[in-house]
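What follows is the residue order along each chain.
Protein chains: 2
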Amino acid sequence: MKAEELARRVRAGERVALARAITLVESRRADHERRAGELLQAVLPATGSAMRVGISGPPGAGKSTLIDQLGVNLIGAGHRPAVLAVDPSSTRSGGSILGDKTRMARLAAEPAAFIRPTPSAGRLGGVAARSREAILLCEAAGHDIVIVETVGAGQSEAEVADMVDTFLFLAQPGAGDELQGLKRGALELADIIAVTKADGDTAGAADRSAAELTAALQLLQPGAAGWRPPVLTVSALTNRGLDALWAAVLRHAAAMGEAGAFAERRAEQRVRWMHQLIEDKLRELLLAAPGMGRRLAELEGEVRKGSLSPRLAADRALAREPVEITHGA
Amino acid sequence: MKAEELARRVRAGERVALARAITLVESRRADHERRAGELLQAVLPATGSAMRVGISGPPGAGKSTLIDQLGVNLIGAGHRPAVLAVDPSSTRSGGSILGDKTRMARLAAEPAAFIRPTPSAGRLGGVAARSREAILLCEAAGHDIVIVETVGAGQSEAEVADMVDTFLFLAQPGAGDELQGLKRGALELADIIAVTKADGDTAGAADRSAAELTAALQLLQPGAAGWRPPVLTVSALTNRGLDALWAAVLRHAAAMGEAGAFAERRAEQRVRWMHQLIEDKLRELLLAAPGMGRRLAELEGEVRKGSLSPRLAADRALAREPVEITHGA
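Going down the list, the protein sequences come from chains P and X.
Position one of the first sequence corresponds to residue 26 (the numbering used here), numbered consecutively onward.
Position one of the second sequence corresponds to residue 26 (the numbering used here), numbered consecutively onward.
Take the hints with a grain of salt, since some may be wrong.
The list cannot tell twin chains apart, which means a pair is met if one copy fits it or any two copies do.
Result set (EDC-like, lysine to aspartate or glutamate): computed pairs, CA atoms no more than 20 Å apart in a straight line [claimed, not checked]: (1) K330 x E29; (2) K330 x E58; (3) K27 x D169; (4) K27 x E289; (5) K330 x E309; (6) K330 x E289; (7) K27 x E283; (8) K330 x E135; (9) K330 x D340.
Because the hints were derived from the structure by calculation, they are not lab data.
Owing to the predicted nature of the structure, the values given are computational and were not obtained by experimental measurement.
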């Protein structure tokens with residue numbers, strides 16, 4: 026299908042076209058890449074209108090259950106949420122489709138919702154770039170809320186934070202000095218923190234955890250527009266606190282919008298993304314030079330051992346034999 | 026002076042040679058770069074033996090005063106500390122030499138100490154790379170402790186954390202929910218936190234701040250080797266707590282060493298550094314293409330406005346006209 030035709034169908038809200046479009050932007054085949062570029066440019070005017078919300082948290086915090094219930098609530102309020110998963114450590118392939126849809130069973134059954142499973146991992150500079158473009162495609166397809174879920178392995182949290190407007194962190198209830206599973210770095214990125222499982226036996230622990238987290242956050246400087254991350258308690262099981270959670274997301278977006286920080290954040294994200302893509306491409310071109318993969322591995326080995334300085338290794342990577350990096354139009 | 030001769034003098038502990046060597050690695054002149062590469066390779070066997078300690082904290086936390094007193098203590102114990110400053114936001118030029126030496130007046134007067142002022146800013150990918158190499162040169166010159174100080178603007182804290190063994194964060198005393206100036210991200214990077222000014226009127230506030238920070242850190246997962254950042258109180262004025270602070274640095278290094286995490290951390294740092302240098306060089310080569318600076322600025326403008334997708338912009342940056350990036354040996 027031509028890029029223009031695919032763009033038209035995506036914008037008409039055809040689910041199959043949206044899924045296909047995301048597959049296209051995920052592809053690294055040269056002809057697919059060209060079509061993907063055309064597709065993205067064609068849908069560009071229809072993008073940017075959704076609220077983009079990142080959600081992370083440790084395994085077992087109840088991300089899927091929360092997103093399932095939150096998504097159902099949002100549909101009840103007339104929204105059309107899309108859910109994208111980012112999991113760079115994932116080795117799942119085809120099976121993940123079923124996996125993600127099972128994890129969010131009620132949302133998956135809703136015609137207004139779109140759930141995109143984790144893309145396969147391990148490609149160069151890939152996961153974040155593809156997820157950013159998947160967000161745009163979801164917006165073009167009329168989804169007014171895009172939720173990007175990440176398991177928080179490695180750099181993925183920072184990458185997701187850099188593609189959303191509001192980043193929500195889930196914490197588990199844990200009494201006293203027990204671990205709540207908050208990774209170092211979580212407090213840095215979070216715009217909102219929600220302690221999950223505020224129900225039944227764990228309700229009290231959730232309240233105590235929220236109080237402790239609130240105290241901890243008081244020690245940090247506020248973020249952009251003077252925003253201080255609120256700490257809420259939620260129960261996906263009983264649906265308690267989820268309306269308040271969404272209200273906090275809206276409050277955050279409004280605060281950013283008033284301060285002009287919202288548009289600026291998105292513009293900065295796009296520019297960083299462009300530079301990231303240029304870097305990825307340059308590295309790809311470098312690696313395409315004959316024998317370069319092996320040479321880099323050898324140099325890396327010497328640098329790791331300490332027998333070669335990183336500077337000389339970098340020089341040799343690029344210059345031991347004249348390297349020609351040419352990229353035609 | 027030839028690189029070999031300069032290397033010999035650096036290793037002989039000649040201060041002037043060390044200062045000159047650092048100036049050489051800071052230079053971006055092509056012939057200087059080649060000599061710097063030779064110099065670094067020549068001193069490589071004499072590097073790696075120092076404790077590398079990063080120190081950051083908000084303006085006013087008393088970084089200089091603390092480093093001054095700590096340095097004097099270390100010299101008293103037979104050490105030869107070097108202090109490097111990283112300040113990417115600095116626009117100071119020659120004046121910084123006096124500035125840094127005035128800030129640490131007692132240490133500057135010690136023959137066993139070496140203080141290197143902030144390098145001038147604004148060069149491509151420069152500050153971190155140069156500081157990493159300055160650390161190596163200080164080690165080759167026999168400094169067994171290298172302190173890297175940063176003001177914590179932008180990315181500099183993360184960069185400094187990636188070039189040291191132990192990262193120390195200073196916080197100011199502040200009662201209750203007052204701000205202690207801790208930036209978001211500080212808790213992520215810190216191996217040790219010290220609340221300063223634990224003397225006179227602010228002694229009580231320092232204790233309370235330390236207790237609050239301790240509670241906050243309990244909520245986070247421990248770092249490598251199960252290390253939990255301790256929170257100490259110090260007074261540079263009365264020298265109280267500085268021995269305990271250094272003991273914590275040694276404890277951290279020992280814990281990392283026992284877990285094998287110390288050597289691994291340095292090896293990973295070197296490899297990341299090599300890749301960073303390759304990226305910097307590729308970007309430099311790209312920018313050296315005729316008209317590329319202007320073209321990138323135009324594309325960035327369009328991406329910022331939202332009229333061009335980042336993917337197409339990246340493609341055009343590299344491919345609108347055939348771009349040839351050639352780097353001879």
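Here is what the structure says about each hint:
no. : hint        : in the structure
1   : K330 x E29  : neither (52 Å within a copy, 23 Å between copies)
2   : K330 x E58  : neither (38 Å within a copy, 23 Å between copies)
3   : K27 x D169  : neither (26 Å within a copy, 64 Å between copies)
4   : K27 x E289  : neither (34 Å within a copy, 50 Å between copies)
5   : K330 x E309 : neither (26 Å within a copy, 28 Å between copies)
6   : K330 x E289 : between (44 Å within a copy, 10 Å between copies)
7   : K27 x E283  : neither (41 Å within a copy, 60 Å between copies)
8   : K330 x E135 : neither (55 Å within a copy, 35 Å between copies)
9   : K330 x D340 : within (18 Å within a copy, 37 Å between copies)
Hints 1, 2, 3, 4, 5, 7, 8 from the list above are not met by this structure, while the remaining hints are.
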